[in-house]
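Protein chains in written order, with our numbering: chain A, 1 to 496; chain B, 497 to 819; chain C, 820 to 1133.
Heads up, some of the hints might be wrong.
[What the hints assert, rightly or not] If we take Cβ atoms under 7 Å as the criterion, some of the chain B residues that face chain C in the derived model are:
(1) 535
(2) 632
(3) 633
(4) 636
(5) 647
(6) 650
(7) 735
(8) 738
(9) 741
(10) 744
(11) 791
[To be verified] Restraint-style ranges between C-beta atoms, simulated for each label pair:
(12) B:606 / A:111: 43 to 49 Å
(13) A:376 / B:699: 23 to 29 Å
(14) C:863 / A:116: 58 to 64 Å
(15) B:514 / A:395: 31 to 37 Å
(16) A:47 / B:803: 30 to 36 Å
(17) B:807 / A:363: 41 to 47 Å
[To be verified] Negatives, chain C to chain B, calculated, CB over 10 Å:
(18) 853
(19) 885
(20) 973
(21) 995
Treat the hints as calculated values from the structure; they're not laboratory data.
Built from N, CA and C at the ideal position, the CB exists for glycine as well.
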Amino acid sequence: MPELRLSGIVKTFGPARALDRAALSLRGGEVHALMGENGAGKSTLIRILAGLESADSGEVTLDGALLRLGSPDLAKTAGFQFLHQENHVVPALSVAENMHLSRPYPQRFGLVHWTKLRTAAVDALGQLGASHIDARSVMGSLGAGDQMLVRIAATLLDDGDAPWAYVMDEPTAALSGAEAERLFKAIAALKATGAAILYVSHRMDEVMRLADRITVLRDGAHVATRDRAATNRDKIIRDMTGRDMTDLFPRHTATSGPPALLVRDLRAGGLGPLSFAVAEGEILGVAGLSGSGREVLLRALIGAVTRAGDLQLRGVPLAANPAGAWAQGLAYVPPERRTEGVMPRRALAETIALPHLARLSRLGFVQRRKTAGLVRRLAQDVRLKASGPDQPIAELSGGNQQKVLFARALAGDPAILLLDEPTRGVDVGAKFDIYTLIRDLAARGTAVIVASSDLPELIGLSDRIAILNAGRISQILPADGLTEAALLTACYQKES
Amino acid sequence: MASFLRHYGSLIGMAAIVVFFWIALPDTFMTLRNWLNISQQLSMLIVVAVTMTVVMVMGDFDLSVGAMASLSGVVAAVLFAQGLPVPVALAVALAVGLLGGIANGVLVSLIGILPFVATLATMTMFSGAAFLVSGGKTIFGRDIPQEFADFARSGLPLGTWGGNLVVLPALTLVAAVVTLLVWIVLEHTIYGRRLYAIGGNADAARLAGVKVAQLRLSAFAFTGMGAALAGIMYASRVASANPVQGDGLMLTAIAAVFLGMTATRDGQPNVLATVAGVVTLGVMDNGLTQLQVDSYVRQVLVGAIILLAVSISALGRRAIRLR
Amino acid sequence: MTGITRRSFWRIAGLTLATAVAIVGSAAFAEGEKIAVITPYLSQPGTQFYVEAFQARAKELGWEVNIIDTAGDVAAVISRMEDVSAQGVNAIVLNVDPAQVGAGLDAAVAANIPVFGMDAGADPRIKANITSNGYAMAAETSVYVANRIGGAGAVVMFVFDAFPPVQVRGAVADAVFKNHPDITVLDRVTPDVSDGGIADSRAKMEAILAANPEPGSIKAVWAAWDQPALGALQAIEAAGRQGEGIVITGIDANPQARDAIAADGNFEASVAQDFQGIGSTTADTVARVLGGETLKANVIYVPTKLITSSNAKD
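All chains should be modelled from the sequences, with the hints used to inform the complete structure.
Shown next, in the form of structure tokens:
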């Protein structure tokens, strides 16, 4: 079994020290989780492995021999394969062709040998246990999870230099539960062939389930590498944050008031009819398997999809378009931060101020000072780490980008706060900040609706949890005392 | 140093071009008279480019502006020939621009056709309409009222300079007013900030309560009006109108906006940067003509300068990404 | 930040500087009069001929000539006139309708620079316009057509009224045909000239031929310039109707038209402007005015010549 060792890795950017004697070892046949808060140096370490960055000092050895890195080609020669959050695929080409993009197509008589191309693709998918994917279908028709499986399968195509180490950076960030399950199966298949998997994730559950060993980085330094059996959540969180965090979730303090939102016979895109109410100061969780309508519900409430039904906000009919809904006091944090939330190249202040421009202007003219004041105050409230209000959002970490969206939702204490996957791709420290914000807001009387695929988050945060099944609410459970297993079971149960 | 270059490289380049001509043409380039000339020559292009910036801020663009400028010019001229009063004819010509712009807006925002395709089609239609309205003829001479032709030659007297009366040309004044107006709208009103948000991420803007469809539609109307105004200015300057005379404005205007974008900190369209882009192109034309550079060589050089500016800006951006 | 930007910036800056120096070098601070020739139509064949002839004569006179082509943009002609007025040239030669460039003429007059028209048009601010007599040219070909068909029959006209010098030709031909009571104008076609005019004229003529299938139903094609005549010729030959004796005439006698006329087919006549003559006469006229002479007439006509198969190859 090959073994890769990194030790004493130092990397500075100007005055900032991204890595400060970081270390890691990776053995064939293991799943090794790399954890740490945002800014802990995980990405920099991976970029060094990928040859996109050169270390200032430190040593990298493969089976004891010094390994030269520093370019993507060298990384490939060393047998590393990188799977990033973003999928790099050609949506219009078939699965089989996508798998052959970076290698010669099989040929016969100087023409593409389509049958061979397809059988090779089918074989590789089969090795991963992903035979449900049709190699002939168009890549763009596949979900994010299947696309990732295709990209992994492409590395297994038989051309003699299959990688021995896979680096997966937040692979489940954009995947549904079922898709993630398939990925886990594929990871197990890779591991069985003797390959190593370096698994970078914020998701504690996945890590506890998949990893053989866990390495934690903090402030660019190596904190600990432990066998999974010899550690637990609390220890990992302590390693990551340097402080005890016995409970990630702030105490429930809310006492529910009069109903803020009344929903009767809501229908929208495969959803409903469904009816429910949320009280002022209440946090209502929304759980459900992929395809249950969980992804649609909040979009329907904000008016981003066409809907029918009787919706009332404190007795007033609710507007059926986002512009009207924001104006009435709804605030929305969308699930897809990059595509639905932020304006990546623009100043973060602009994203924050956007829904509130009407309040921030006089006679149609935006009042700069008022806007700047609001942005500064909100940035403080959410403990945003940024160089200033003019910093482009793309330069912020995922957690801080999410905080920008929270700051935007918080401005002016909304009557209803709609949160779709509020902590997707967010590190532990930022998660805690975000949970606290949600709680504080509820305590001030805002009704909060949280849709999430993260079950511990739902249980920890919500007062009640509505369970969606096939577009309807099958039951609404009090969150107090609910276990993850019970919640998952409820998600699988049809309306009783 | 490198970051300084990335941020200000284009501006330094633009200044370098001016300094270069100043040295090469010590007597005739850096004179008030020459700059007033340049400002007047560029006034129509400025109006088109600045109003084009309004849609480019949203990440769209409008290929029909040149044809619209031609159309509004012949519409005004044909109405003059029919004996309508000048203000009425001009109002109708501007209304044509507004309607054409709204048509573009409807196609792009409500029907959802790509701006490239939609405005390419309307460009052809506006151009055909210009030929129809004018009967393919150049309208000039007695058909053009003297007061209209005189407008382009009139101006605001600034005083005397070396014995000559110095006049701020009326067309320059119009361009300045339009620039100021669009700058205020884009930088200081809700309307403008929302357009920038659409350009930043249209989906996100919609979910944040921006009425994307309406705003896109109105922005195209803005651009159509600007094109029509430029067409009228053009007709006044040449005291005639023919159905193709504004066509050349479109590509130059887009080039100017792109050139301007290289000079902004975030690489996005901005009114003042657009004006800087237009002036750079205009100074090149003026200076190279005075240097007696062959007009074809001049074209090659102007294209090369645009590529140069965009390349430097792209390299700068890549350097940042690789960091 | 990497060195990419810095290194390439200096490399590019160096290149730019080198180019700039080369330009200044080529601008050669030569002796002699500085003359600016400004035209939006340099890519058209006729314009090229007289600009070349002008340059040849100017070289003999020791002038420094700057040819400026604005590629169809008339407002840019004004701009360039202002530029060269600021620069202080000795004379400006125009090849565009002066009615459209009044502001530029004003700038030249204010700077005390004489302006000459080379096939341009008349204007009090222009010292002289040197051109062919468009009326006479159109009269020559339209009368040729009328005589050849014996003053009777259907004629197809190709015109382009948007361009004043060509509009004049159409007006003259209209008058000539109207003066023959038995001549009918079957159609008055304005072809699309964006591709040069041949292709669209051919298409239009094919349609007309299809609509008039009877031999003798079309007696002649009169074109206001050569390209539509060539297009009509192609259409007639493609339709296999070259035996009907349809008479085609053009104006300008460009090389392609001369070949067609020499071939003794349907294309029978065209009128040659003396482009070289216009160019050199313009240069001579400029020389006279710069020499202090005052001109009496402000239009100077250069003679034209009817081209038929007998002299097409001269």
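Hint check:
1. For residue 535 of chain B, the shortest C-beta to C-beta distance to chain C is roughly 11 Å, which exceeds 7 Å, and the interface hint is violated.
2. A distance limit of 7 Å between C-beta atoms decides the matter here; for residue 632 of chain B the minimum to chain C is near 5 Å, and the interface restraint holds.
3. The interface hint given for residue 633 of chain B holds, since its Cβ lies 5 Å from the closest Cβ of chain C, which is under the 7 Å cut-off.
4. The closest approach between the C-beta of residue 636 of chain B and any C-beta of chain C is roughly 5 Å, which is under the 7 Å cut-off, so the hint is satisfied.
5. Violation of the interface hint for residue 647 of chain B is found here, the shortest Cβ-Cβ separation to chain C being roughly 11 Å, above the 7 Å cut-off.
6. For the restraint placing residue 650 of chain B at the interface with chain C, the shortest Cβ-Cβ distance is roughly 11 Å, beyond the 7 Å limit, so the hint is violated.
7. Interface restraint check: residue 735 of chain B against chain C, minimum CB-CB distance 5 Å, threshold 7 Å, status holds.
8. Taking 7 Å as the C-beta contact cut-off toward chain C, the hint placing residue 738 of chain B at the interface holds, the least distance being around 6 Å.
9. Checking residue 741 of chain B against chain C: minimum C-beta separation of about 6 Å stays under 7 Å; hint holds.
10. For residue 744 of chain B, the shortest C-beta to C-beta distance to chain C is roughly 5 Å, which falls under 7 Å, so the interface hint holds.
11. Interface hint at residue 791 of chain B: satisfied, since its Cβ lies 4 Å from the closest Cβ of chain C, which is below the 7 Å cut-off.
12. For residue 606 of chain B and residue 111 of chain A, the hinted distance range of 43 to 49 Å is satisfied, since their beta carbons lie about 46 Å from each other.
13. One distance hint, 23 to 29 Å for the beta-carbon pair residue 376 of chain A and residue 699 of chain B, holds here, with the actual separation near 27 Å.
14. At roughly 59 Å, the beta carbons of residue 863 of chain C and residue 116 of chain A sit within the given window of 58 to 64 Å.
15. In this structure the supplied range 31 to 37 Å holds for residue 514 of chain B paired with residue 395 of chain A, their Cβ-Cβ distance being about 34 Å.
16. Taken as a hint, the range 30 to 36 Å holds for the pair residue 47 of chain A and residue 803 of chain B, whose Cβ atoms sit roughly 32 Å apart.
17. In this structure the hint that residue 807 of chain B and residue 363 of chain A lie 41 to 47 Å apart at CB holds, the actual value being about 43 Å.
18. The Cβ of residue 853 of chain C does not lie farther than 10 Å from every Cβ of chain B; its closest approach is about 8 Å, which violates its non-interface assignment.
19. Distance to chain B contradicts residue 885 of chain C as a non-interface residue, since its nearest Cβ pair spans about 4 Å, not more than 10 Å.
20. With a least CB separation of 23 Å from chain B, residue 973 of chain C remains clear of the 10 Å interface cut-off, as annotated.
21. Its beta-carbon lying about 21 Å from the closest one in chain B, residue 995 of chain C satisfies the requirement of being farther than 10 Å from that chain.
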